[in-house]
Amino acid sequence: MRAGLGAVRRSSRFQYGGVFMSRGKSSRAGRFAVIGVPYLWLIVFFLLPFLVILKISLSEMEGVAFGNLLTWKEGVMQLTLKFSNYLFIVQDELYFKTYLSSVRYAAVTTVICLAIGYPFAYFMARAERRFQPVLLMLVMLPFWTSFLLRVYAWKGLLSEHGWVYNVIVFLGLDHVLATGGLISAPGQLMNTSFSLSVGMVYTYLPFMILPLYANLSKMDLRLLEAAADLGANPWVAFWTVTVPLSKAGIIAGSMLVFIPCIGEYVIPELLGGPETLMIGRVMWDEFFSNNDWPIASTVAAVMVLLIIVPLAIFNKYEAEAQEGSR
Amino acid sequence: MGSSSFLQIQNVVKDFDGYKAVNNVSIDIEKGEIFALLGPSGCGKSTLLRMLGGFETVTSGRILLNGKDLADMPPYDCPINMMFQSYALFPHLTVWDNIAFGLRREKMPKDKIAEQVEAMLKLTQLGKFAKRKPHQLSGGQQQRVALARSLAKKPQLLLLDEPLGALDKKLREETQIELVNIIENVGVTCVMVTHDQEEAMTMSTRIGVMSAGQILQIGTPSEMYETPANRFVAGFVGNVNLMEGVLAHDAPDHVVIDCADCKHYVGHGITGTEGMDVTVALRPEKIRLSTTKPEGEHNMASGKVKEKAYFGAWTVYRIELPSGMILKVNESNTERHAEDALTWGDTAWASWSPSAQVVLTS
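Chains as they are written, first to last, in the numbering used here: chain D, 4 to 329; chain B, 92 to 453.
Simulated from the structure, these hints should not be mistaken for laboratory data.
Possibly wrong hints are sitting among the right ones.
Simulated DEER-style distance windows between Cβ atoms [unchecked claim]:
1. B:K213 with D:A32: 24 to 30 Å
2. D:F35 with B:K213: 51 to 57 Å
3. D:L43 with B:S177: 51 to 57 Å
4. D:Y155 with B:D168: 25 to 31 Å
5. D:A322 with B:S229: 22 to 28 Å
6. B:S132 with D:M140: 31 to 37 Å
7. D:P136 with B:S229: 52 to 58 Å
8. B:S229 with D:I316: 56 to 62 Å
9. D:P122 with B:S177: 52 to 58 Å
Below 30 Å or equal to it, Euclidean Cα-Cα: the simulated DSSO-like pairs (lysine-lysine) are [stated by the list, open to error]:
10. B:K219 with B:K261
11. B:K224 with D:K221
12. B:K222 with D:K319
Quick reminder that beta carbons are idealized off the backbone N, C-alpha and C, glycines included.
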């Protein structure tokens, strides 16, 4: 009797274990599927193309075809890496200048977006609850029109007799911009640093506002009361509590603006001018005007590495720092 | 008292769009007191505390601290600090920086700040956690950081909003005593808000029970418990049996009250007239149980033991009286293995002394 009971109990436990096992397996498979799909997407559409580009940048031209990096001849395996393209872009000043100028435009755009976007996101997050969906809608509304059309529209607004042009000239702001070196001469707004920056800030502002809004609207407002209670006036409380706590939002927004800005092609093409060097345009010219694929690939590979390496280091550092503040 | 009190709350009203969250409240609080505002949620106690902290404006009435009207001081420039409910510690700052936050706003020299922060860390025994961020601390440690932060500026008045609400029961009991020790050590006057009557009783020197925006009674913990002013206070502070009855006989030194299940003989006079409806409040621990009928005809009732719960130090009985009323009785277990212990279904006699009851007329 006793033994029988024990056997029953043991077998039921065994079954129980079995159920657990299979559930564990299926959930792990599900997890792999969920994580795997985006990774597959990234591998197919980002990593593989990048490797192709990297290979082109390192390979010898054989007529119109690219040579193989690995060759097998009479039992000898040979790895040929041609670095002359890299040497070339290091030696030619144009590329260095263009990289620098791209980073500068991207940085300026990010700073301006932050300066406009932060107060905007702040007041949106602090607005009455019932108005917030409407305000959010207004931020996202531009996405309903094609990006290309909106950039084209700026062409109309900023060229002679466009109404933005008229307002700026009427207020005499073009003289200020000209002294600042942002436009070549008063009355000449298009195809300048100014028009390029306006276009980039306009386009990327929502990408700054949305993560900031998400961050600021989550903030615990009692922290501001605590700051006030401890003697911080609203201005001090903003800088010592609100801003440090929204660091994650500031970083996310800045990344979303800065990274695409560096490689931006359409906006410099439509709103930029001869002086506004951007790496995206140089790449396009190398690929499709000069048909020099190895150099173009080199430029692209260097750009990706220049963005990704600092970003990866920064992210790692941030992840460690974030662990402390959450 | 003589001259005016340290903190005077005078006819304070807070009106939220026609809803009076705080309705004509007046309290005088002396220096060094720990005063508890006790009441159910939504009774206005938190609103009153927030007005003391300067987070809400007073619709009418005045709050005077040391004779000075609080309305003339902005919240960041007033000698009152608050320990917030669930603490509101700055998550991006270390324990040290959290405590130093208020001192840094005073343009205090660096070494003075360090000195004061160290003193606070020592007071709350947080020394070894100084470098940690709030999320790396347990609930009890966070509570001590919040206390240290609110005491760092040496406030004249400390406000505690549900100071132990975020802690679990066992920790709460330990912390109550620790918190009172620290507050008394510093000697700061304290106003706390709580919905937990036990917390109010153990921690405060005086309690003000609030309901629907008004103060119902103010007194020491024992006054609140033994002589509640009305049914609400009797029911809210501790456990109580409330019996409806009619004042049958009114003499200067005693009264008799007829209830459905018993006749009460109360050994003191009350202000009332014969025939009026009154409520008799009887605390469960003031009732004795026996299996046989006691002597006399007053202050006793019999019924069936409906429920019995053993708590170690005492046993709680629920006795069903003939009218259907459930009488709660706490009996302390003075003996082990009491032979005549009552059990489920037994008929029991409950009796109490003439000084056990409180007669409530409102």
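Evaluation of the provided hints:
1. In this structure the hint that B:K213 and D:A32 lie 24 to 30 Å apart at CB is violated, the actual value being about 55 Å.
2. Between D:F35 and B:K213 the CB atoms are about 53 Å apart, so this pair conforms to the stated range of 51 to 57 Å.
3. Separation of D:L43 from B:S177 is about 44 Å and departs from the stated range, judged on CB atoms against 51 to 57 Å.
4. For the pair D:Y155 and B:D168, the supplied restraint of 25 to 31 Å is violated, since their beta-carbon distance comes to about 55 Å.
5. In this structure the supplied range 22 to 28 Å holds for D:A322 paired with B:S229, their Cβ-Cβ distance being about 25 Å.
6. Remark: the range hint 31 to 37 Å for B:S132 to D:M140 is upheld by a beta-carbon distance near 36 Å.
7. Between D:P136 and B:S229, the C-beta spacing of about 39 Å breaks the proposed range 52 to 58 Å.
8. Take B:S229 and D:I316: their Cβ atoms lie about 34 Å apart, and the range 56 to 62 Å is violated.
9. A beta carbon spacing of about 29 Å between D:P122 and B:S177 contradicts the range 52 to 58 Å that was offered as a hint.
10. Taking the CA atoms of B:K219 and B:K261, the gap is near 24 Å; set against the 30 Å cutoff, the hint holds.
11. Under the criterion of a C-alpha separation no larger than 30 Å, the hint pairing B:K224 with D:K221 is consistent with the structure, at around 20 Å.
12. The hinted pair formed by B:K222 and D:K319 meets the criterion: a straight-line CA distance of about 22 Å does not exceed 30 Å.
In the structure shown, a violation is registered for the earlier hints numbered 1, 3, 4, 7, 8, 9, in ascending order.
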